[in-house]
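Work out the full structure: start from the sequences and follow the hints.
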Amino acid sequence: MTHLVAVVGGGDLSTHAVLAAESLRRAAGRRNQRLDVELRARGATGAPLSEGAIRDADAVLLVGTGDLGEGRFGALQRAKAAIEDVLTDVDGVIDRALASTKSLGEKNPSKAPDAGGPRRIVAITSCPTGIAHTFMAAEGIQAAAQALGHSVRVETQGSVGARDALTPDEIAAADIVLIAADTGIDRSRFSGKRVYATTTKAAIRDGKGLIATALKNAEVQGADATESGSARPAAETKAGAYKHLMTGVSFMLPFVVAGGLLIALAFAFGGIDAMSAANTGSLGFALGEIGAKAAFALIVPALAGYIAFSIADRPGIAPGMIGGMLAANLNAGFLGGIVAGFIAGYTVSFLSRSIRLPKTLEGLKPVLILPLIGTLVTGLLMVYVVGVPVAALLAALTGWLKGMQGTSALVLGLILGGMMALDMGGPINKAAYASSAALISSGIYTPMAAVMLAGMTPPLGIALATRLFPGRFSAQEREAGTAAAVLGAAFITEGAIPFAAADPLRVIPALVAGSAVAGALSMTLGVALRVPHGGLFVLPIPNAITPVLGAVVALAVGTVITAVLVGLLKRRAG
Numbered sequence: 005m006t007h008l009v010a011v012v013g014g015g016d017l018s019t020h021a022v023l024a025a026e027s028l029r030r031a032a033g034r035r036n037q038r039l040d041v042e043l044r045a046r047g048a049t050g051a052p053l054s055e056g057a058i059r060d061a062d063a064v065l066l067v068g069t070g071d072l073g074e075g076r077f078g079a080l081q082r083a084k085a086a087i088e089d090v091l092t093d094v095d096g097v098i099d100r101a102l103a104s105t106k107s108l109g110e111k112n113p114s115k116a117p118d119a120g121g122p123r124r125i126v127a128i129t130s131c132p133t134g135i136a137h138t139f140m141a142a143e144g145i146q147a148a149a150q151a152l153g154h155s156v157r158v159e160t161q162g163s164v165g166a167r168d169a170l171t172p173d174e175i176a177a178a179d180i181v182l183i184a185a186d187t188g189i190d191r192s193r194f195s196g197k198r199v200y201a202t203t204t205k206a207a208i209r210d211g212k213g214l215i216a217t218a219l220k221n222a223e224v225q226g227a228d229a230t231e232s233g234s235a236r237p238a239a240e241t242k243a244g245a246y247k248h249l250m251t252g253v254s255f256m257l258p259f260v261v262a263g264g265l266l267i268a269l270a271f272a273f274g275g276i277d278a279m280s281a282a283n284t285g286s287l288g289f290a291l292g293e294i295g296a297k298a299a300f301a302l303i304v305p306a307l308a309g310y311i312a313f314s315i316a317d318r319p320g321i322a323p324g325m326i327g328g329m330l331a332a333n334l335n336a337g338f339l340g341g342i343v344a345g346f347i348a349g350y351t352v353s354f355l356s357r358s359i360r361l362p363k364t365l366e367g368l369k370p371v372l373i374l375p376l377i378g379t380l381v382t383g384l385l386m387v388y389v390v391g392v393p394v395a396a397l398l399a400a401l402t403g404w405l406k407g408m409q410g411t412s413a414l415v416l417g418l419i420l421g422g423m424m425a426l427d428m429g430g431p432i433n434k435a436a437y438a439s440s441a442a443l444i445s446s447g448i449y450t451p452m453a454a455v456m457l458a459g460m461t462p463p464l465g466i467a468l469a470t471r472l473f474p475g476r477f478s479a480q481e482r483e484a485g486t487a488a489a490v491l492g493a494a495f496i497t498e499g500a501i502p503f504a505a506a507d508p509l510r511v512i513p514a515l516v517a518g519s520a521v522a523g524a525l526s527m528t529l530g531v532a533l534r535v536p537h538g539g540l541f542v543l544p545i546p547n548a549i550t551p552v553l554g555a556v557v558a559l560a561v562g563t564v565i566t567a568v569l570v571g572l573l574k575r576r577a578g
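In this text, residue positions in the sequence shown follow this note's numbering: the first is 5, and each later residue adds one.
Just so you know, these hints were derived from the structure itself, not from any lab. A virtual CB, placed ideally from N, CA and C, is assigned to each residue, including glycine.
Only pairs whose alpha carbons sit at most 16 Å apart, straight line, appear in this in silico EDC-like list of lysine to aspartate or glutamate:
#1 Lys-574 x Glu-481
#2 Lys-197 x Glu-223
#3 Lys-212 x Glu-143
#4 Lys-84 x Glu-74
#5 Lys-197 x Asp-173
#6 Lys-574 x Asp-507
#7 Lys-363 x Glu-74
#8 Lys-84 x Asp-99
#9 Lys-84 x Asp-71
#10 Lys-363 x Asp-71
#11 Lys-84 x Asp-95
#12 Lys-197 x Glu-74
#13 Lys-197 x Glu-174
Computed Cβ-Cβ distance ranges for the label pairs, DEER-style:
#14 Phe-541 x Pro-474: 27 to 35 Å
#15 Ala-151 x Ala-506: 16 to 24 Å
#16 Pro-258 x Lys-363: 36 to 44 Å
#17 Gly-410 x Arg-575: 33 to 41 Å
#18 Pro-52 x Arg-30: 14 to 22 Å
#19 Ala-298 x Pro-508: 43 to 51 Å
#20 Gln-480 x Arg-82: 48 to 56 Å
#21 Ala-282 x Pro-474: 57 to 65 Å
#22 Gln-480 x Ile-377: 55 to 63 Å
#23 Leu-543 x Arg-167: 24 to 32 Å
#24 Ala-506 x Ala-166: 26 to 34 Å
#25 Pro-513 x Gly-75: 47 to 55 Å
#26 Glu-143 x Pro-508: 19 to 27 Å
#27 Ala-282 x Pro-258: 27 to 35 Å
Take a look at the structure:
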């Protein structure tokens with residue numbers, strides 16, 4: 005027999021709630037239908053549902069309004085009804101609840117599914133730049149699910165937004181939600197579903213193992229976690245500060261790209277003095293205003309706001325952005341923005357867990373109380389505690405970077421270049437990339453050039469090696485060399501990963517050496533890049549990268565060194 009549990013909530017309408025609960029009990033008895041009812045109404049609260057009843061139930065019927073304790077029911081199939089519906093057509097309400105259990109097609113889905121049978125999986129993948137790792141993780145999940153006999157739908161949140169977005173019906177029908185992301189993901193769609201969150205690297209390296217782990221260890225996403233982010237799946241919390249920082253960087257990048265290119269175009273149309281007052285009204289001056297005083301002005305607030313968003317979800321955005329704006333006004337730059345983002349995020353998260361309000365006022369928390377108090381705390385700390393010392397630190401860092409010449413520039417270039425090739429899109433690579441991209445907002449462009457050129461070198465060097473030393477590669481690898489060249493030209497370092505994974509002890513040192521040389525040459529030659537991405541495609545844009553010849557030299561030398569070392573170190577293909 006199908007087992008239903010029901011919760012009836014009436015708020016102030018306690019009499020109506022009592023009548024509805026009694027009506028359900030009588031109708032169930034008439035039909036010989038097993039039904040356990042919990043009443044939640046002011047002055048008329050009944051005995052709560054037992055854990056055993058919830059565990060054994062096939063579906064839950066939620067009647068009325070107010071706090072129904074929905075988070076207790078995990079992924080248990082839900083049917084909802086108004087009190088008026090129960091009082092006027094109780095049998096129809098029970099029929100609809102029973103129909104929901106038939107559409108589910110299985111007993112008690114709140115329990116962990118048996119990983120041995122076919123399952124319906126929905127997934128989201130996302131990385132900070134929204135390019136390579138996003139789609140590599142998606143492919144890893146799709147291939148693994150197909151091999152294991154599961155059905156899967158993957159939504160990729162890439163650089164141009166969400167593709168193949170999951171529909172509400174697909175989410176409702178899924179047995180599990182798998183999130184493989186290095187950035188914060190809005191999980192409000194997944195309330196009541198079993199969710200497992202991890203990084204893109206896990207999906208790329210071992211998709212089958214990830215799916216097995218997810219089916220076993222996924223945790224139910226409670227409705228309360230979507231508001232404040234106070235409840236996170238255990239696998240996601242491990243990412244910690246790095247994931248929060250990468251979320252901020254991913255949202256910051258479009259502002260850097262747009263602002264940098266517009267400033268470059270301003271110089272192209274109006275010359276080096278395009279943004280001076282004497283050129284007011286000209287096209288160059290207008291482009292400079294848009295790029296420098298609009299897009300670039302939002303870089304630090306966006307960075308801070310979305311760090312806070314990653315920590316505390318939507319209530320953290322306003323305190324984070326306001327803290328980021330204060331950081332910019334106090335000349336604390338991106339360092340101050342990072343600090344403001346973490347202060348705002350953790351403050352709002354703490355407040356969300358700590359503040360308890362009557363249910364009638366609960367709706368004020370995310371739109372009034374949390375943003376107000378979070379902004380107040382973040383703003384005062386930025387003004388009176390954090391702003392001045394961080395501004396002094398940033399000024400010292402800026403002066404040191406701008407004054408670098410000779411050996412110091414070479415050493416920094418070696419370090420940044422080597423980091424880009426060491427794990428090719430992993431945490432070390434992203435640390436070098438994120439720090440260099442953030443420096444653009446402070447008017448420091450040389451580290452970004454070193455990072456991009458060094459990041460292009462591994463796949464380009466591999467592609468060249470497949471042509472210079474064909475005997476070192478299999479036929480399949482030689483064909484893949486063409487794809488690696490295209491990826492390298494677009495500054496997608498991950499194009500070298502398949503080759504490095506096949507022979508890491510020989511290939512990775514060669515890649516690191518070539519990238520380190522490219523980075524060192526770029527810094528030594530003073531190559532400056534105003535945008536954080538683009539690869540070879542930014543070369544034709546006036547003043548986006550200068551000097552162009554220096555960039556080409558650094559890239560060419562690094563690519564040749566990589567190719568030669570790979571050819572010398574790799575064994576002949578079997």
